[in-house]
Amino acid sequence: MPLTTRMAWRNLGRNRRRSAITAAAVAFALFFAILIRSLQLGIYGHMIHTVVGGMAGYVQVADSTYWPSQNLDVAMAEDPRWLEAVTADPDVASATPRLAGFTLLSHEKESAVAQWTGVDFAREDPGFWETRLIDGRFDNASKDGPYPVWLGRYLAESLDAQIGDTLVGMGQGYQGSMASDLMLVAGTLRLGNPELEKRVAVMRLEDAQAYSGAYGMWGTVMITPKNPGESFRAAASLSQQHPMEYASWTSWEERMPELQQAIQADSAGGIVILFILYVVISFGLLGTMIMLANERQREFTMQIALGVKRPVLAGMVFTEALLMGVLGAAIGTAMGRGVVYYFHVRPLRLLGDIAQAMEQQGWEPVLPPSMDWSITWTHGAIVIGLTLLASLWPIYVVYKSPAIHR
Amino acid sequence: MRRQLLYTLGLGLSFFSVFAQNPSSLLAKAEASAIQQSAYSRIKMKAERPRYTRDMELRSWNMGNAYSLVQIVSPERDAGMVYMKADKSLMTYSPRTGKIMKLPSSMLMQGWMGTDAQFDNILGAASLSQDFTHSYQGKKTVNGQECHLIRCVPKPATPVAYDHVDAYLSVQNDTWVRLVFFDKKGTVSQQMDALHFKRFDGVLMPDEIRFTAKDGNQTTTLTILEWRKRPDLKPSWFSESTMKNMDSL
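One line per chain: the protein sequences are Y and B, in this order.
So in our numbering the end of the first sequence lands on 406, straight run, no missing numbers.
So in our numbering the end of the second sequence lands on 249, straight run, no missing numbers.
Hints in this document: simulated from the structure, not taken from any laboratory.
Computed from a predicted structure; not experimentally measured.
It is possible that some hints are incorrect.
What the hints assert, rightly or not - Capping the alpha-carbon separation at 20 Å, the derived lysine to aspartate or glutamate pairs in EDC-like fashion look like this:
hint, chain 1, residue 1, chain 2, residue 2
1, B, K99, B, E76
2, B, K102, Y, D160
3, Y, K198, Y, D165
4, Y, K198, Y, E299
5, B, K185, B, D201
6, Y, K226, Y, E253
7, Y, K198, Y, D372
8, B, K44, B, D87
9, B, K99, Y, D181
10, B, K44, B, D201
11, B, K44, B, E240
12, B, K198, B, D166
13, B, K99, Y, E299
14, B, K102, Y, D181
15, B, K102, B, E240
16, B, K184, B, D166
17, B, K184, B, D174
18, B, K99, Y, E295
19, B, K99, Y, D73
20, B, K244, B, D131
21, B, K155, B, D131
22, B, K102, Y, E110
23, B, K46, B, E208
24, B, K185, B, E208
25, Y, K109, B, D193
26, B, K139, B, D87
27, B, K244, Y, E108
28, B, K99, Y, E110
29, B, K198, B, E208
30, B, K102, Y, E253
31, Y, K400, Y, E254
32, B, K29, B, D174
33, B, K244, Y, D181
34, Y, K198, Y, E253
35, B, K46, Y, E157
36, Y, K226, Y, E108
37, B, K46, B, D193
38, Y, K309, Y, E299
39, B, K155, B, D201
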């Protein structure tokens, strides 16, 4: 270990209280930064996942005129070989076809407008659907007889339908034909998005095709990239590698710009708060550094008089600041990650009016924090950088100190 | 001076209406030719869309415009579906479900089975001569025929979604040639053109009608294949049991 580093380490121990104050300032700044940012980004992730992940798809392939009307008439012809190629792509986590349309469902005296959605259960993650199931089963649906249907929980409530009840569906089918048939309630679903739970009726893809008359057709293909955060880029590059005629590839940011903008606006607010926090902490650090320089003025003078070169002395002070910064950052990381992990295991759940407002906007009222390490690295680097910036004051004092003290 | 002008104007207007034909009687004559009869008919429909065309064949029974029953004969997938309008209620029967469903009457204004014809057009529209007030707008040539243009504004109690309807009635024979339906914003929501006329069972009527929807790039053509007077039909015939037992007809 070089001499300056060893001396710097020992200097930290010579005034423990001062070192502790500096490290604590760094640690608390980082602790709050991690907490605020993890919660904020976690909530955005939760929003995107519930709104986009389950039913809309991070990347969606559909006929170029499909959005925004979601018209069943422009469904695409099935292309299993293309789907195999997309699924095999290393950047793709999953690719699943869907077919959806609107219909009137009625059960005895109650009726409601529902969005039926054909799902290819063989291709989809069975775990995803198992966790969404409140009641009923997926595997015991019969091959013949009325089409089995899994209703969003609020839709089932408004239809007053129990498992085993028969519904009458009637609506517009594919390209002008009628969609009219019987359906058997096979289960109810919790989709994490109350808007969807009010209207979604999930069917098997082949049943949906038969019901609507769109035999051999897909409405959309939902693609989840390996890295969902890169949906926008993935949509562009995948469309180049796996072209499909007349189809357009859209990432959720393009289909739901309002969600994207809401997140950006809210995120900017969080950054402003962090900026204020960092300004306050910076002046705290600068205060301890000025205190340090004042208290050690005599020591600096003495060392210079003994022949220690000013750059060496400055390097030592800088190393002290770096050590305090890293120490504080380590403590802050431990505290921040600890608390974040606790909330990760037991997410905060909102209650009362706020919870209702959130449900109405379409997501489950929980606040799961983000466990992304990049938040820790970014803000750890920022606080250490601030400490080093503050250490410029004692370095300046080192250069200004005369060799002879009065 | 101004009062004098008003008098002259009023006098002029009353003279005009004396010499003009009475628009209400013109409309009544046009409707009497086909719409007000009790009849059975067989109809072919062809919906043309940018992406696809769809052919359908129907059988239809009606008594004036208050009672009507339509059964789909082809295509295979939809065959056997029945729509019925009996006075104010609208119902549909699907052989796949074996159930009769009531439809909201607001559906009368919507496109019928993916065509540009509205439920209203298929199941009997409001009567232009009885449910609307009329004003005569002069003569115009439409589809090669000289026509009277009559603007029809619905009476307050008439349950229609249009703002007004421009009816072009042939000067030569008492049939309509073109109907243009305007919505509340004053834009054309639907247009009907009678392209060809034929005499069925002694009644001259348009046997080829083209429906054009809002933007004009999609049309539906309706052709009457067969039309017979059925004076024996009674309101009680238009019942749920008739809907369920159509095969014997």
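Now for the hints, and whether the structure bears them out:
no.: 1; hint: B:K99 <-> B:E76; result: holds, 19 Å
no.: 2; hint: B:K102 <-> Y:D160; result: holds, 19 Å
no.: 3; hint: Y:K198 <-> Y:D165; result: holds, 18 Å
no.: 4; hint: Y:K198 <-> Y:E299; result: violated, 74 Å
no.: 5; hint: B:K185 <-> B:D201; result: violated, 41 Å
no.: 6; hint: Y:K226 <-> Y:E253; result: holds, 17 Å
no.: 7; hint: Y:K198 <-> Y:D372; result: violated, 33 Å
no.: 8; hint: B:K44 <-> B:D87; result: violated, 25 Å
no.: 9; hint: B:K99 <-> Y:D181; result: holds, 10 Å
no.: 10; hint: B:K44 <-> B:D201; result: holds, 18 Å
no.: 11; hint: B:K44 <-> B:E240; result: violated, 25 Å
no.: 12; hint: B:K198 <-> B:D166; result: violated, 23 Å
no.: 13; hint: B:K99 <-> Y:E299; result: violated, 98 Å
no.: 14; hint: B:K102 <-> Y:D181; result: holds, 15 Å
no.: 15; hint: B:K102 <-> B:E240; result: holds, 11 Å
no.: 16; hint: B:K184 <-> B:D166; result: holds, 14 Å
no.: 17; hint: B:K184 <-> B:D174; result: violated, 29 Å
no.: 18; hint: B:K99 <-> Y:E295; result: violated, 93 Å
no.: 19; hint: B:K99 <-> Y:D73; result: violated, 26 Å
no.: 20; hint: B:K244 <-> B:D131; result: violated, 32 Å
no.: 21; hint: B:K155 <-> B:D131; result: holds, 6 Å
no.: 22; hint: B:K102 <-> Y:E110; result: holds, 12 Å
no.: 23; hint: B:K46 <-> B:E208; result: holds, 11 Å
no.: 24; hint: B:K185 <-> B:E208; result: violated, 29 Å
no.: 25; hint: Y:K109 <-> B:D193; result: violated, 41 Å
no.: 26; hint: B:K139 <-> B:D87; result: violated, 35 Å
no.: 27; hint: B:K244 <-> Y:E108; result: holds, 19 Å
no.: 28; hint: B:K99 <-> Y:E110; result: holds, 15 Å
no.: 29; hint: B:K198 <-> B:E208; result: holds, 9 Å
no.: 30; hint: B:K102 <-> Y:E253; result: violated, 41 Å
no.: 31; hint: Y:K400 <-> Y:E254; result: violated, 58 Å
no.: 32; hint: B:K29 <-> B:D174; result: holds, 6 Å
no.: 33; hint: B:K244 <-> Y:D181; result: holds, 16 Å
no.: 34; hint: Y:K198 <-> Y:E253; result: violated, 24 Å
no.: 35; hint: B:K46 <-> Y:E157; result: violated, 41 Å
no.: 36; hint: Y:K226 <-> Y:E108; result: violated, 45 Å
no.: 37; hint: B:K46 <-> B:D193; result: holds, 15 Å
no.: 38; hint: Y:K309 <-> Y:E299; result: holds, 14 Å
no.: 39; hint: B:K155 <-> B:D201; result: violated, 33 Å
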